[in-house]
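Enquirer: Listed below, chain by chain, are the residues.
2 protein chains.
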Amino acid sequence: MTLRFEQIVIDSLDPRALAIWWKDALDWQITYESAAEAAVEDTEIEIAPDASVHPSLLFVPVPEKKTVKNRLHFDFVPDDQAAEVERLIALGATRADVGQSDVSWVVLADPEGNEFCVLSAR
Amino acid sequence: MTLRFEQIVIDSLDPRALAIWWKDALDWQITYESAAEAAVEDTEIEIAPDASVHPSLLFVPVPEKKTVKNRLHFDFVPDDQAAEVERLIALGATRADVGQSDVSWVVLADPEGNEFCVLSAR
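Protein chains in written order, with the working numbering: chain A, 1 to 122; chain B, 1 to 122.
Treat the hints as calculated values from the structure; they're not laboratory data. Hints are all accurate, no fakes.
Pairs count within a copy or across copies, as identical chains cannot be separated in the list.
Straight line, CA to CA, 20 Å or less: simulated EDC-like cross-link-like pairs of lysine to aspartate or glutamate:
id: 1; residue 1: 66; residue 2: 14
id: 2; residue 1: 66; residue 2: 97
id: 3; residue 1: 23; residue 2: 79
id: 4; residue 1: 65; residue 2: 37
id: 5; residue 1: 65; residue 2: 14
id: 6; residue 1: 23; residue 2: 115
id: 7; residue 1: 66; residue 2: 37
id: 8; residue 1: 23; residue 2: 112
id: 9; residue 1: 23; residue 2: 37
id: 10; residue 1: 69; residue 2: 112
id: 11; residue 1: 23; residue 2: 86
id: 12; residue 1: 69; residue 2: 14
id: 13; residue 1: 69; residue 2: 115
id: 14; residue 1: 69; residue 2: 102
This one's a predicted model, so the numbers in the text were calculated from it and none came from an experiment.
Work out the full structure, taking the sequences as your base and the hints as a guide.
Expert: As structure tokens, this is what we get:
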């Protein structure tokens, strides 16, 4: 079983501008750009790996339910997409329709409805 | 300038149950639990650091604006909280009121309104 925490996808009105803003805010680098998308990451990690840089997940209580599609979600890279999707659904994930139509990734939701994607294996 | 990407905070109806679900989904570990909160992280990273585990940020276009408080947001640990908050506001961040009252962290929003927190220095 392998799920590598690959990226946090952030819905944006202006992806490139927001990518540049975060690059500056964190002193990270633009590592990918297309007409529609941009990625930012800390390229120095490869030079000086530091476990503390990796974010953990902290679950905190709130009274309100999720009402709209999350503005942020997680992408994971599996070793075997079909097997991981099956395993996650067995754990309680559900398939989610966010209008993705015919794409290479699978959109799932966790037990509270938080969307995440299992990308194609690489 | 130092901002360490510390954790992704996930609002939850049942934090402990959701933490356990993600621990199982990712084969990570519960590394912190209180009456109200639980944290999950990949403790194996300390044993075998791998830059690819670190998530990058991918900005993708969507037509709709943010309408509600994000269900996910980022926390950062600064070396100097006041200085970092000042720097981020100068970059275009704004102070955000999500009902946090008198707390040790500062809630900001990026240029599209995405909330994030600058924790106290550690």
